[in-house]
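Quick mapping for you: the protein sequence lines, in order, are chains B and L.
Going by the working numbering, the first sequence opens with residue 357, and the numbers climb by one from there.
Going by the working numbering, the second sequence opens with residue 199, and the numbers climb by one from there.
Be a bit skeptical, because a hint or two may be false.
Claimed, not checked - Which chain B residues stay away from chain L? Per the calculated CB distances, all over 10 Å, these:
no., residue
1, Trp-359
2, Ile-392
3, Ala-458
4, Leu-538
5, Gln-552
6, Leu-574
7, Pro-658
8, Ser-662
9, Glu-672
10, Pro-745
11, Ala-768
12, Asn-808
To be verified - Taking lysine to any residue pairs in the SDA-like style, the calculated list, with each CA pair at most 20 Å apart, reads:
no., chain 1, residue 1, chain 2, residue 2
13, B, Lys-764, B, Asn-741
14, B, Lys-365, L, Tyr-217
15, B, Lys-706, L, Asp-201
16, B, Lys-380, L, Met-210
17, B, Lys-365, L, Asp-201
18, B, Lys-628, L, Thr-260
19, B, Lys-380, L, Tyr-217
20, B, Lys-704, L, Phe-203
21, B, Lys-380, L, Asp-201
22, B, Lys-380, L, Ala-221
23, B, Lys-628, L, Tyr-217
24, B, Lys-628, L, Pro-224
25, B, Lys-365, L, Phe-209
Quick caveat, the hints were computed from the structure, so don't treat them as lab data.
For every residue, glycine included, the Cβ atom is placed at its ideal position computed from N, Cα and C.
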Amino acid sequence: MAWLPVVIKACYFLAALLFILGLKRMSSPRSARGGIVWAGVGMLVAVLATFALPDMQNRGLILAAVLIGVSAAWWSGRRVVMTAMPQMVALYNGMGGGAAAAIGAAELFSYAGKSVTLLDGGQFTANGVDTPSAAQLVLAVLGALIGSVSFSGSLIAFAKLQGWLDRRFVFPGQRVVNLLVLAAAVVLGGMIASGQLTMPLIVAFFVLALLFGLMMTLPIGGADMPVVISLYNAFTGLAVAFEGFVLQNEAMIIAGTVVGAAGTLLTQLMAKAMNRSIGNVLFGSFGAAGGAAQAIAGAQKPIEASDAAVMMAYAERVVIVPGYGMAVAQAQHKVWEFAKLLIERGVKVKFAIHPVAGRMPGHMNVLLAEAGVPYDLIADMDDINPEFPQTDVALVIGANDVVNPLAKTDPASPIYGMPILDVSAARQVIVVKRGKGTGFAGIENALFYADNARMLYGDGQAAASELVAALKTLDG
Amino acid sequence: MIDGFLALYIFMLAAFTGYEIIARVPVILHTPLMSGSNFIHGIVLVGAMIALGHAQTPFEMTIGFIGVLLGAGNAAGGYVVTERMLEMFKASKPNAGKEAK
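My request is simple: use the sequences and hints to build the entire structure.
Now the structure itself:
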């Protein structure tokens, strides 16, 4: 069976190639759909090849675990609504991190029990654990650390976005405590990597690593979650690459590294869109700045849906600014219906999307695409901001922090410095909002109190329906 | 056997590849792309299978089993979610779109 190892190596090569080509195709709208299929084929090839590895045991167990994992994830992934996509990505990403950590754990524990590491010395031992090299040991520990952090951190991100954990956990000296936990994990990791492979040490190491992921994510506010998920995505990639080196598996090294690099860049792009550094997101005091949350003078002025509809029906230019509220209310179809009615009346309608509107970058684009809004009606922040002064009505649906003028005017505000959509420059602003509360970041919004702003209270779906109905009666 | 420096070269080249692929991506594809790269690191499943395939004690088997379970979830879930997102891009008018700049 001398040919089998070569075939398997070739399969891994093919998988790595398909991953890169698939990712490349995914980076352009036209070929994107094909890209995921290519990558999917690559995955299938790699998994089948792994089943065929000559020195594998426990094949029944492996098959069972694969089947259970695949069907559970497939079922949940099919069923989940589009608006809940971000937390699902966080969840699946956490699973990947957990898997990488588990590989690290399995390797370290198998080194710990020296007696069981003797393998029949076939020339193709994908798992060459008989004598772990120093580099393998170090990377096994590093991969396990990063994977564990990604695992527990992603689960917290999932819980937060799912609404199970709706507040930040902040206490004085948190940063110091977090750093101490990390330092302790690193020290234990160093001891393990230097050859002290004892059970208690390895267990303590994993507990600390998982704990650090938890504690690092808990104080981060919901508004920052996109950046955090993207970062953990890159983390998982890196962990996979490291464990790939430990297992001497080229497909894992390449795929993991590509994702690690791509994810890091994506994280930077996102953080930049919020005018913050990654370090600031992770260790900054977003929302925790306690102090001078400026009291805002004035009152919110309500408006009826029928009046709002009339206002927009006779406007020349209307810009619709969607946010997470639209996603939660599943209002994208109704909003597009309303926009189409306006367009029929000759109103120039555009959708303005803040880079971090929603829970992930591009989240709003995905939802609007689902509703059938053509790309050319959707404008980025930099393109639309100069147009607001010529805009008659800006309709804000479920967006809050990304249109908050305090980001420009109030240095004490936690979101100070974040670029915003300049809706307050429009002649009239109509804000569709469920209630008078603050946004996800827990910050008051000066826009709602502005002279040219009117509040249309209600769930996004209901408000959009009322607007549509009002517009239709207008036409008789 | 991949030795240290060969691995370093692979790391370096793969990192550049990942960086270059993402560098010119339009904002509208950020979410699907994050999801897509999330799927690709589902290759961790292969590693978990190898770990379970070499597990000797019940303890190691348990860890390996959990690893395979999680890895399979990453791969399958990542695929389904990405595919569903990209499906919608296919549905909308391709000609009206702004291609990557």
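Sort out which numbered hints this structure fails and list those numbers smallest first. 2, 3, 14, 15, 18, 20, 21
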